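**Q** Heads up: the sequence lines are chains A and B, in that order.
Going letter by letter, the first sequence gives residues 1 to 113 in this note's numbering.
Going letter by letter, the second sequence gives residues 114 to 229 in this note's numbering.
No lab work stands behind these hints, which were simulated from the structure alone.
Some hints here could point you the wrong way.
Take a look, some chain A residues computed to stay more than 10 Å from chain B by CB distance [claimed, not checked]:
#	residue
1	Ser12
2	Gln16
3	Asn25
4	Gln42
5	Arg45
6	Lys52
7	Pro76
8	Ser79
Part of the chain B face toward chain A, derived, beta carbon under 7 Å [claimed, not checked]:
#	residue
9	Ile139
10	Gly155
11	Leu156
These numbers come from a predicted model, not from an experiment.
Built from N, CA and C at the ideal position, the CB exists for glycine as well.
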Amino acid sequence: LAKTTQPISMDSYEGQEVNITCSHNNIATNDYITWYQQFPSQGPRFIIQGYKTKVTNEVASLFIPADRKSSTLSLPRVSLSDTAVYYCLVGGSLSGGYQKVTFGTGTKLQVIP
Amino acid sequence: KAGVTQTPRYLIKTRGQQVTLSCSPISGHRSVSWYQQTPGQGLQFLFEYFSETQRNKGNFPGRFSGRQFSNSRSEMNVSTLELGDSALYLCASSLASGQGVAETQYFGPGTRLLVL
Numbered sequence: 001l002a003k004t005t006q007p008i009s010m011d012s013y014e015g016q017e018v019n020i021t022c023s024h025n026n027i028a029t030n031d032y033i034t035w036y037q038q039f040p041s042q043g044p045r046f047i048i049q050g051y052k053t054k055v056t057n058e059v060a061s062l063f064i065p066a067d068r069k070s071s072t073l074s075l076p077r078v079s080l081s082d083t084a085v086y087y088c089l090v091g092g093s094l095s096g097g098y099q100k101v102t103f104g105t106g107t108k109l110q111v112i113p
Numbered sequence: 114k115a116g117v118t119q120t121p122r123y124l125i126k127t128r129g130q131q132v133t134l135s136c137s138p139i140s141g142h143r144s145v146s147w148y149q150q151t152p153g154q155g156l157q158f159l160f161e162y163f164s165e166t167q168r169n170k171g172n173f174p175g176r177f178s179g180r181q182f183s184n185s186r187s188e189m190n191v192s193t194l195e196l197g198d199s200a201l202y203l204c205a206s207s208l209a210s211g212q213g214v215a216e217t218q219y220f221g222p223g224t225r226l227l228v229l
């Protein structure tokens, strides 16, 4: 299983763009990169997933360089409600089987008014 | 479509007792995974069930067990509870389409277990 490394915490002012980088040096060829968001006392919520280059959805963008050894979650114009813990996961399915994933320590994002 | 539901939401037990937690996955989802979350250890994978079979298991003692029913609902059991078992237990379901793509997991709200 690929091990991920993220900053423990980050602070940002409302309205700013926030970039959270995750390092995953031993990512495997079939691994995807997935980000989850978790609010206190709730289950994690899927944000975005990608394999390479750039992926964008209505809430975030995910940038993955060519070597795939890192990835960056970009949250545009954050608001107070974006204060949460963000987890980066690396993993994938092999031949239809489910590969157990390991959540890292996550990045606690604090948005300041 | 209804999300993942977990019951009960809160539970208080004493040391030595056993507990059973229930999880109903999203309709059509065939894989159910269980996680334990504590402030000190973070989110830790317990096990995953698919088609009523345990397909993967994390590094937890045998006191932690689970099962999955034919309708994909899953239960998790912890026997001989210890103080350190106090945690938020999360259940997640995924489609398990078997197409070789990383499966997005949909988490329930969790069951908060307090062992006294």
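**Q** Please flag the earlier hints that this structure goes against, numbers listed from lowest up.
**A** 4, 5 and 9
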